[in-house]
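Each chain, written out:
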Amino acid sequence: MSVPISARTLDLAADRSPARREWVAFARRLARRRTALFGLVVVASVAVAALGAPWLSAYDPTEQDITNRLKPPGSPDASGRAHPLGTDQLGRDILARIIFGARPALMVGFAAVAISGVLGMLVGLLSGYCGGRVDDVFMRLADVQLAFPFILLAIAVIGVLGPSLPVIIVVIGVSSWVVYARVVRGAVLSLREREFVQAALALGSRDVRILLRHILPNAFTPWLVVATLDMARVIVIESALSFLGLGVQPPTPTWGGMLADGRVYISTAWWLATFPGLAILVSVLGINLFGDGLRDTLDPRLKV
Amino acid sequence: MRIYLARRLGQSLLVLLGVSFIVFFILYLTGDPALILLPPDATAEDVQKFRQAMGFNDPFIVQYGRFLVGALRGDFGQSVRHGEPAFNLVIERMPATFELSGAALVVALCLAIPAGIVSAVRRNSALDYVSTVVALLGQSMPTFWLGIMLILVFSVQFNLLPSSGRGTLEHLILPAITLGLFTTARITRLTRSGMLEVLSQDYIRTARAKGVSDPPVVWKHALKNAAIPIVTIVGIELGTLLGGSVITETIFAWPGVGRLSVQAIYNRDYPVVQAAVFLLSSTFVLVNLVVDLLYTYLDPRIRLR
Numbered sequence: 001m002s003v004p005i006s007a008r009t010l011d012l013a014a015d016r017s018p019a020r021r022e023w024v025a026f027a028r029r030l031a032r033r034r035t036a037l038f039g040l041v042v043v044a045s046v047a048v049a050a051l052g053a054p055w056l057s058a059y060d061p062t063e064q065d066i067t068n069r070l071k072p073p074g075s076p077d078a079s080g081r082a083h084p085l086g087t088d089q090l091g092r093d094i095l096a097r098i099i100f101g102a103r104p105a106l107m108v109g110f111a112a113v114a115i116s117g118v119l120g121m122l123v124g125l126l127s128g129y130c131g132g133r134v135d136d137v138f139m140r141l142a143d144v145q146l147a148f149p150f151i152l153l154a155i156a157v158i159g160v161l162g163p164s165l166p167v168i169i170v171v172i173g174v175s176s177w178v179v180y181a182r183v184v185r186g187a188v189l190s191l192r193e194r195e196f197v198q199a200a201l202a203l204g205s206r207d208v209r210i211l212l213r214h215i216l217p218n219a220f221t222p223w224l225v226v227a228t229l230d231m232a233r234v235i236v237i238e239s240a241l242s243f244l245g246l247g248v249q250p251p252t253p254t255w256g257g258m259l260a261d262g263r264v265y266i267s268t269a270w271w272l273a274t275f276p277g278l279a280i281l282v283s284v285l286g287i288n289l290f291g292d293g294l295r296d297t298l299d300p301r302l303k304v
Numbered sequence: 001m002r003i004y005l006a007r008r009l010g011q012s013l014l015v016l017l018g019v020s021f022i023v024f025f026i027l028y029l030t031g032d033p034a035l036i037l038l039p040p041d042a043t044a045e046d047v048q049k050f051r052q053a054m055g056f057n058d059p060f061i062v063q064y065g066r067f068l069v070g071a072l073r074g075d076f077g078q079s080v081r082h083g084e085p086a087f088n089l090v091i092e093r094m095p096a097t098f099e100l101s102g103a104a105l106v107v108a109l110c111l112a113i114p115a116g117i118v119s120a121v122r123r124n125s126a127l128d129y130v131s132t133v134v135a136l137l138g139q140s141m142p143t144f145w146l147g148i149m150l151i152l153v154f155s156v157q158f159n160l161l162p163s164s165g166r167g168t169l170e171h172l173i174l175p176a177i178t179l180g181l182f183t184t185a186r187i188t189r190l191t192r193s194g195m196l197e198v199l200s201q202d203y204i205r206t207a208r209a210k211g212v213s214d215p216p217v218v219w220k221h222a223l224k225n226a227a228i229p230i231v232t233i234v235g236i237e238l239g240t241l242l243g244g245s246v247i248t249e250t251i252f253a254w255p256g257v258g259r260l261s262v263q264a265i266y267n268r269d270y271p272v273v274q275a276a277v278f279l280l281s282s283t284f285v286l287v288n289l290v291v292d293l294l295y296t297y298l299d300p301r302i303r304l305r
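Chains A and B, in that order, give the protein sequences. The working numbering applies: residue 1 is where the first sequence begins, and numbers increase by one. The working numbering applies: residue 1 is where the second sequence begins, and numbers increase by one.
Among the hints, a few may not be true.
Residues from chain A shown here face chain B by an in silico Cβ test under 10 Å; the list is partial [as the list claims (entries may be wrong)]:
(1) Ile155
(2) Ala260
(3) Ser267
Calculated from the structure, these hints are not laboratory results. Think of the CB as a built atom: it goes at the ideal place given N, C-alpha and C, for glycine as much as any other residue.
So here's chain A without its partners, still in its complex pose (with noise of 0.2 Å):
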């Protein structure tokens, strides 16, 4: 009698493979969380106004009206519609741009983060299963690069190379190696010396099956964490550079060259300011939230 029942059951999980499970598991878990959710929203939603702005924005984001110039939050234009946010020094739409703005914001910090975030997982795996000279030379590279005050190595090289799309990228990438590095790395430490580690050395296989089968899936959590939450950090830092005029030029908004200009008019025009500063915190919240429930969601000990 108990016989069909289990040939069942074996059955239905034969069906899907194991990785699988665990990925639908795992989605689970995550949606759990509400603040991840919530972040995942967040994120999404500023995904949808890089790609949809165009057709979003019901201002065009660098169009000037001069005589509608430094209107208040809910002003209206010459043919009465609103200006939701207000308008610029320019009179241009301020929230067309602040929509506009997500996307150099989004552009640099998905790029940015996938170049530093390769770099960083090959030097990590080197460095911790090689051990020996190899770790030392990519640590002592790591501390040079971490000695730099980054932000003035790339105001240094973007000065010098001209503040152009590429050139950000590239600036922030290359330079963004370190955490990632020294994350795999220590994963790849504690994971060399367990026992499945240990006994696939013993069945012998060779390094590179090693490194590629038993220790990157198990790196590989950590280093998502990682570049979930330094795409936050590009963001940021993206926007810093447009706020010291360093960024994707003008007249391409972006959320820092919107809080420079506002800066400027901070005793008149507090909402020039104000709204793109709320932009990237929002967005730098999210994805935030977001990293963080990845997080705790990947790493058991913490649920208690």
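Position chain B against the provided structure of chain A, taking the given hints into account.
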């Protein structure tokens, strides 16, 4: 211990050598300094003579060697704009930057460590909730926006605190909070998670089972073990603070190295840029050396590596 110290010192020197190379290389790429240093109406012959005299025609490695020897003696050349030695200009502004970074770190530590501990010990309480939300906001807020908002509220609206300059304690308040908030948020969260992790360890349970009361468990058993990542992050954060001072100093017109170097970059005053980056980096390396030595005190296992 002495061997460890020697090795660690050697590493620090190596790092500084790397820093000096990158500083030199980046500015080597900037193109012809002769065109910046000479008046625009100089003839081609003048330019050639000047290059020869300044050694700009020498091979890269010779120029780097000369730069390095100069740097060791504190000679980075004359500032193009101010006509003073670049080294002096930077050193004069160092105290202002240290003052600001130090104040920011003090703000951060005084707020963050108690907040983190309380959060961990009274987990899921209202206090934990408030400190977590504040830390999250602090970590997500761009420094320059916070600075502008503080100016908007405290200087423009209520006229309570000055928005620029240095001198009195009042001048220090807004910049220190601006610069310190991110670090506060980071250390709060790190302290909280570090304490939570340590508090769930077996030896804590053992200590509790033995009848050790709550405060010593938290302070003696848990905090000392949770302190290792905190001490490390303080070292790294000091780098963030020194670097972050660039933006904070720009917003509040604080007369420090950060503002000097941003102006120098805009003015193409390269000797000053080199001196500033090199000296800021050296400070950071020194701080991290001290942090690493502290580390071995907290966790003797590290020395044996």
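Against the structure, the hints:
| no. | hint | result |
| --- | --- | --- |
| 1 | Ile155 | holds (5 Å) |
| 2 | Ala260 | holds (8 Å) |
| 3 | Ser267 | holds (5 Å) |
The structure agrees with every numbered hint stated previously.
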